[in-house]
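> One letter stands for each residue in the lines below.
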Amino acid sequence: MVVKIENLVKRYGDLVALDHFNLEIEEGEVFGLLGPNGSGKSTTINCLLALLEYDKGTIEVFGEEMTPTSYESKKNIGVIMQNVAVFDELTVYENIDYFCGLYIKDKNERKKLVEEAIEFVELQDYRKFRPKKLSGGLLRRLNIACGIAHKPKLIILDEPTVAVDPQSRNKILEGIQKLNQEGATVIYTSHYMEEVEQICTRIAIMDKGKNIALGTKDELKGMIDLGETISVEILELPEAVKEEIAHLPHVMNVTYENHLLKVRFSKGKHNLIRLLDVLKEKEIGFAGVHSELPTLNDVFLEITGKELRD
Amino acid sequence: MQVFKLYFKLLRSNKGILIMYFAIFLTVALVISNAQSVDGNNNQEAMKEEILTITIIDEDQKSFGNGLKEYFSSGNDIVDMEYDEQKILDKLYWRKLDYALVIPKGFEESLLDEDVKDMTLKCMKVPGYFDASFFESELSLYTSKLTSLLKAGYSVEDAQKQLLDLQDEQTKVELATFVNANQNDKSTTFLAYVPYLFITLGMNGIGLILLTFNAPLVRARMECSSTTMKTRIAGLVGGILLYGMLLMVTVIVVVAIVSKGRIFMDVRFPYFLINMFGMLLFSLSLGFFTGTIAKNQDAVNGLVNVLSIGLCFLGGVFVPYEFFGDAVLKVAKFVPTYWYAVTNTKIGAMTEMTSGLANDIFWQVGLVLGYALVIFSVTIVIIANRRKQTA
Ligand SMILES: Nc1ncnc2c1ncn2[C@@H]1O[C@H](COP(=O)(O)OP(=O)(O)O)[C@@H](O)[C@H]1O
Ligand SMILES: [Mg+2]
Numbered sequence: 001m002v003v004k005i006e007n008l009v010k011r012y013g014d015l016v017a018l019d020h021f022n023l024e025i026e027e028g029e030v031f032g033l034l035g036p037n038g039s040g041k042s043t044t045i046n047c048l049l050a051l052l053e054y055d056k057g058t059i060e061v062f063g064e065e066m067t068p069t070s071y072e073s074k075k076n077i078g079v080i081m082q083n084v085a086v087f088d089e090l091t092v093y094e095n096i097d098y099f100c101g102l103y104i105k106d107k108n109e110r111k112k113l114v115e116e117a118i119e120f121v122e123l124q125d126y127r128k129f130r131p132k133k134l135s136g137g138l139l140r141r142l143n144i145a146c147g148i149a150h151k152p153k154l155i156i157l158d159e160p161t162v163a164v165d166p167q168s169r170n171k172i173l174e175g176i177q178k179l180n181q182e183g184a185t186v187i188y189t190s191h192y193m194e195e196v197e198q199i200c201t202r203i204a205i206m207d208k209g210k211n212i213a214l215g216t217k218d219e220l221k222g223m224i225d226l227g228e229t230i231s232v233e234i235l236e237l238p239e240a241v242k243e244e245i246a247h248l249p250h251v252m253n254v255t256y257e258n259h260l261l262k263v264r265f266s267k268g269k270h271n272l273i274r275l276l277d278v279l280k281e282k283e284i285g286f287a288g289v290h291s292e293l294p295t296l297n298d299v300f301l302e303i304t305g306k307e308l309r310d
Numbered sequence: 001m002q003v004f005k006l007y008f009k010l011l012r013s014n015k016g017i018l019i020m021y022f023a024i025f026l027t028v029a030l031v032i033s034n035a036q037s038v039d040g041n042n043n044q045e046a047m048k049e050e051i052l053t054i055t056i057i058d059e060d061q062k063s064f065g066n067g068l069k070e071y072f073s074s075g076n077d078i079v080d081m082e083y084d085e086q087k088i089l090d091k092l093y094w095r096k097l098d099y100a101l102v103i104p105k106g107f108e109e110s111l112l113d114e115d116v117k118d119m120t121l122k123c124m125k126v127p128g129y130f131d132a133s134f135f136e137s138e139l140s141l142y143t144s145k146l147t148s149l150l151k152a153g154y155s156v157e158d159a160q161k162q163l164l165d166l167q168d169e170q171t172k173v174e175l176a177t178f179v180n181a182n183q184n185d186k187s188t189t190f191l192a193y194v195p196y197l198f199i200t201l202g203m204n205g206i207g208l209i210l211l212t213f214n215a216p217l218v219r220a221r222m223e224c225s226s227t228t229m230k231t232r233i234a235g236l237v238g239g240i241l242l243y244g245m246l247l248m249v250t251v252i253v254v255v256a257i258v259s260k261g262r263i264f265m266d267v268r269f270p271y272f273l274i275n276m277f278g279m280l281l282f283s284l285s286l287g288f289f290t291g292t293i294a295k296n297q298d299a300v301n302g303l304v305n306v307l308s309i310g311l312c313f314l315g316g317v318f319v320p321y322e323f324f325g326d327a328v329l330k331v332a333k334f335v336p337t338y339w340y341a342v343t344n345t346k347i348g349a350m351t352e353m354t355s356g357l358a359n360d361i362f363w364q365v366g367l368v369l370g371y372a373l374v375i376f377s378v379t380i381v382i383i384a385n386r387r388k389q390t391a
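Chains as they are written, first to last, in the working numbering: chain A, 1 to 310; chain B, 1 to 391.
Misleading hints may appear alongside valid ones.
Once the Cα atoms are required to be at most 25 Å apart in a straight line, the calculated PhoX-like pairs of lysine-lysine come out as [as the list claims (entries may be wrong)]:
no., chain 1, residue 1, chain 2, residue 2
1, B, 9, B, 62
2, A, 107, B, 230
3, A, 107, B, 9
4, A, 112, B, 5
5, A, 128, B, 5
6, B, 295, A, 132
7, A, 128, B, 9
8, A, 208, A, 221
Some residues of chain A that are not near chain B, with every Cβ distance over 10 Å (derived) [said to hold, decoys possible]:
no., residue
9, 4
10, 23
11, 60
12, 165
13, 167
14, 169
15, 201
16, 237
17, 276
18, 280
19, 283
Calculated Cβ distances over 12 Å to all of chain B for the following chain A residues [claimed, not checked]:
no., residue
20, 63
21, 89
22, 230
23, 253
24, 258
25, 277
Hint data in this document are derived by calculation from the structure and do not stem from the laboratory.
Ideal Cβ placement from N, Cα and C applies to all residues, glycine included.
The shape of chain A in the complex, shown without the other chains (with noise of 0.2 Å):
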């Protein structure tokens, strides 16, 4: 067990911002910490660096208990921050060589380790830059660089794609999952279902700091009924047409917006056949058709009752 929290309680005055959470992270696991913003991830992540003191519960890392002085624990945990933490007045070389200073003593080791965290966020060119004048994405990259470079075995990534480049965000996820192939267990949290269920191999849900679902993302789609979300484009449909559709088995909601049929459908065979041959029937054109698979946003709006997204 790498990481294992029980009971964890968070209060900012009145704010409970983590009520009895509890989280299990084996060796070896991407784990994604799913939540909309404002449902305690951040407080979570700094719950488990001992940086906030909390109200109750218990947290280990590597088996011992978490507390700011556990700093065997720490030599092994690479930090990635929501937030860019880098000192502007250094460069990016300087920068990455004080933070991975501040766990590997040794000159030489050490100048091996920031060469390849720079070849690793591929930010080569740019060494004697400083921070101000790296874009968006390069900046991101540097974060992690300064994170990683110290070859940690826990390595947590608190939102490290916020305001990112599609491009630089794809470059920032096959890293991770590149270090967790060298061995690395990644603990990443997102408010993009698409990223956690891209890289994750096991995903908690969080709403209002608890934790509302766990699993790999097909165990997590396996808790609802959704079985695909089927849109088909027409340009008028009757109000009686939508009511058969209705009708139809497994159907479980129906909306016609903007010209676009979307049919939600419990788990089953022969959706897509029977909706295709009632409007056949009723003789109504229609062009593109789509099937959906649940998305983990359909998950948390069947637990919840909102989007992830607001």
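Take the given structure of chain A and dock chain B with the ligands to it, following the hints.
Just chain B with the ligands now, kept in the frame of chain A:
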């Protein structure tokens, strides 16, 4: 070591503002110390016309003392005082007195009797003060002429009468030579400005760096690391102390240049250093305080300007005390820069170390160190409280 090195990297990135304050200090200190220092070629006549306030304390109580008083009473204001070193130094400091001369017991006898070892007149004066210097040159002329007359067989009374008669025929040649010998006092004037340098560079060079170092984001990252808090604090303290040493060395180098190297042979040098050291620690703790309470660079700049100028004006670094009213003086006594300035002047005036002066330096520097300690402790309390709140 990482943090220690970081300190100097961050200093490097703030070098612009540090150099700027150094340049201001250097300009002001050099211009003014040059302007105020003794200049033998100008205004001899004008200087001569100044009336000096002199006290001659006659412990010998022989005719020599009376003759001397009579001789110098023309053109000068001779006042009677008790021999209280402290009071005399205070009066000198406030320029209520220009010169104090003590005739030690047995002085006349030492003039007359070849077998008795020569004694010297003891003097206390305001350093670099032209009028006092002028008096001193007259005095040395007077005693040397007197000795010659005594050797020629005159009695003390007769010799003094002779000299009184000759009073108008004074030469002005010795004056110039005397003035040159006194030029070291530029050092005292120059050193008076050191608080401005220490305060501005101490506050900037520590405040700005601590501000960056304690920015919440990078601090969180450091707190997550396996470098212990003790190590990090030790690195910072080491950086601050070395920076302080560099400031001190800089001043010493400049004073060495100003005094043309003579400062190193000067008996006053170690005492100047002690006084500066007190001011240095005060400034460092002020920088520590600034870096802790300031929210951003503008706040640091604001604090630097208000405190450096405020402390230097109130402490009498920029404005000589004779322009201060009593009310201002009362306030000034609560300002550590004032005690630096007082001590600097006293050290500047000394010719040899006396127990009274040593005592003064001890207490006054101690007072400045006390201020440093208070500011340091207050800052520590602020930090401790903040920890509790964020926790
Ligand atoms: N320092 C703080 N003081 C008061 N409330 C806070 C503080 N930090 C976070 N919160 C509140 O706690 C809740 C959880 O915040 P956070 O952990 O940052 O969520 P997330 O990272 O998931 O967006 C939010 O409602 C937020 O407003
Ligand atoms: Mg967050």
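> Indicate, hint by hint, whether the structure satisfies it.
Hint by hint, here is what the structure shows:
{"no.": "1", "hint": "9(B) x 62(B)", "in the structure": "violated, 69 Å"}
{"no.": "2", "hint": "107(A) x 230(B)", "in the structure": "holds, 21 Å"}
{"no.": "3", "hint": "107(A) x 9(B)", "in the structure": "holds, 17 Å"}
{"no.": "4", "hint": "112(A) x 5(B)", "in the structure": "holds, 20 Å"}
{"no.": "5", "hint": "128(A) x 5(B)", "in the structure": "holds, 18 Å"}
{"no.": "6", "hint": "295(B) x 132(A)", "in the structure": "holds, 20 Å"}
{"no.": "7", "hint": "128(A) x 9(B)", "in the structure": "holds, 14 Å"}
{"no.": "8", "hint": "208(A) x 221(A)", "in the structure": "holds, 21 Å"}
{"no.": "9", "hint": "4", "in the structure": "holds, 19 Å"}
{"no.": "10", "hint": "23", "in the structure": "holds, 18 Å"}
{"no.": "11", "hint": "60", "in the structure": "holds, 17 Å"}
{"no.": "12", "hint": "165", "in the structure": "holds, 22 Å"}
{"no.": "13", "hint": "167", "in the structure": "holds, 25 Å"}
{"no.": "14", "hint": "169", "in the structure": "holds, 21 Å"}
{"no.": "15", "hint": "201", "in the structure": "holds, 24 Å"}
{"no.": "16", "hint": "237", "in the structure": "holds, 53 Å"}
{"no.": "17", "hint": "276", "in the structure": "holds, 55 Å"}
{"no.": "18", "hint": "280", "in the structure": "holds, 61 Å"}
{"no.": "19", "hint": "283", "in the structure": "holds, 63 Å"}
{"no.": "20", "hint": "63", "in the structure": "holds, 17 Å"}
{"no.": "21", "hint": "89", "in the structure": "violated, 4 Å"}
{"no.": "22", "hint": "230", "in the structure": "holds, 46 Å"}
{"no.": "23", "hint": "253", "in the structure": "holds, 45 Å"}
{"no.": "24", "hint": "258", "in the structure": "holds, 44 Å"}
{"no.": "25", "hint": "277", "in the structure": "holds, 59 Å"}
Checked against the numbered hints given earlier, this structure breaks hints 1 and 21; the rest are met.
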